[in-house]
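Generate coordinates for the entire structure from the input sequences, incorporating the hints supplied.
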Amino acid sequence: MEHTYQYSWIIPFIPLPVPILLGVGLLLFPTATKNLRRMWTFLSIFLLSIVMIFSLYLSIQQIFLSCIHQNVWSWTINNEFSFEFGYFIDPLTSIMSILITTVGILVLIYSDNYMSHDQGYLRFFAYMGFFNTSMLGLVTSSNLIQVYFFWELVGMCSYLLIGFWFTRPIAANACQKAFVTNRVGDFGLLLGILGLYWITGSFEFQDLFEIFNNLI
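In terms of our numbering, the sequence shown is residues 243 to 458.
It should be emphasised that the hints constitute simulated quantities derived from the structure, not laboratory data. Since the model is a prediction, treat every value here as computed from it, not as a measurement. Take these hints with a grain of salt, some might be off.
Here are the in silico distance ranges between beta carbons for each label pair [as the list claims (entries may be wrong)]:
hint: 1; residue 1: T409; residue 2: Q312; range: 38 to 48 Å
hint: 2; residue 1: F451; residue 2: G265; range: 19 to 29 Å
hint: 3; residue 1: L457; residue 2: Y356; range: 42 to 52 Å
hint: 4; residue 1: E326; residue 2: A414; range: 19 to 29 Å
hint: 5; residue 1: R425; residue 2: P259; range: 22 to 32 Å
hint: 6; residue 1: P259; residue 2: K419; range: 28 to 38 Å
hint: 7; residue 1: F327; residue 2: L403; range: 34 to 44 Å
Even for Gly, the Cβ is constructed at its ideal location relative to N, Cα and C.
So this is what it looks like as C-alpha cells:
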C-alpha cells in the first residue's frame with residue numbers, strides 16, 4: 243500500500259502531456275496535428291481513465307485501511323525561508339479525484355461528437371486537459387499555497403473555456419465578467435489563507451487538522 247502511495251504525486255500530471263503536445267503541435271505542425279485530432283481525443287480520454295482507475299483503487303484501499311498519506315518536499319531558499327510542496331491523499335481526495343475524472347471523461351466523450359465540425363476542436367481539448375490537470379492538482383495539494391496556485395490555474399482555464407468562442411460578443415462579455423468575479427473571489431481566498439497562517443502559523447493541512455482537532 244505504501245508503495246502505491248509513492249506514485250500518487252503523478253495524479254495531476256498524467257493528463258498534462260495532451261495540452262502540452264497539442265500546443266506545441268498546433269504551433270509547429272498545425273496541419274499534421276489537426277489531421278490526427280481523433281488520436282488526441284482518444285489519448286485525452288485514455289489518460290483521464292488511468293487517473294480514475296488509480297483514484298478508485300486508492301479509494302477502495304482507504305475504505306478498508308482508513309489511512310492518510312502525505313509526502314512533502316522542502317525547497318530551501320535561504321536560512322530563514324523555505325517552501326514546502328507535496329501531495330496529500332485521504333478519502334476525500336480520492337473521492338474528488340474520481341468525481342473530477344468521471345465528469346471529465348463524460349465531457350470529453352460528449353464534446354468529441356458535439357464539436358466534431360468546430361474549427362477550435364483541438365483548442366478545446368487542450369483547454370480541457372489543462373483544466374483537468376489543475377483540478378486534480380487542487381484536490382491533491384498538501385498545503386494552502388498549492389491550493390491557491392492551482393485555484394488560479396482553474397480560474398484561468400475557466401476564463402478560456404467560457405470565452406472559447408471569443409468572436410461571439412456574448413461569450414466575450416461572459417468571460418470578462420467571469421474574470422472580474424474570479425479576481426474578487428481570489429482576493430478573498432488569499433486573505434483567508436493569510437488569516438489562517440497568522441492564527442495557526444502553518445499552511446500545511448496536516449498541521450491545521452491537528453490544531454483544529456485540539457481545539458475541538
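Against the structure, the hints come out as follows:
1. Between T409 and Q312, the C-beta spacing of about 46 Å keeps the proposed range 38 to 48 Å intact.
2. Here the CB-CB span from F451 to G265 is close to 38 Å, at odds with the stated 19 to 29 Å.
3. Taking 42 to 52 Å as the suggested C-beta distance range, the pair L457 and Y356 conforms, at roughly 49 Å.
4. At roughly 40 Å, the beta-carbon separation of E326 and A414 lies outside the given 19 to 29 Å, and the hint is violated.
5. In this structure the hint that R425 and P259 lie 22 to 32 Å apart at CB holds, the actual value being about 30 Å.
6. Between P259 and K419 the beta carbon distance is about 32 Å. The supplied range of 28 to 38 Å therefore holds.
7. F327 and L403 have their C-beta atoms about 27 Å apart, which leaves the hinted 34 to 44 Å range violated.
Going down the numbered hints, you'll see the structure goes against 2, 4, 7, while the others check out.
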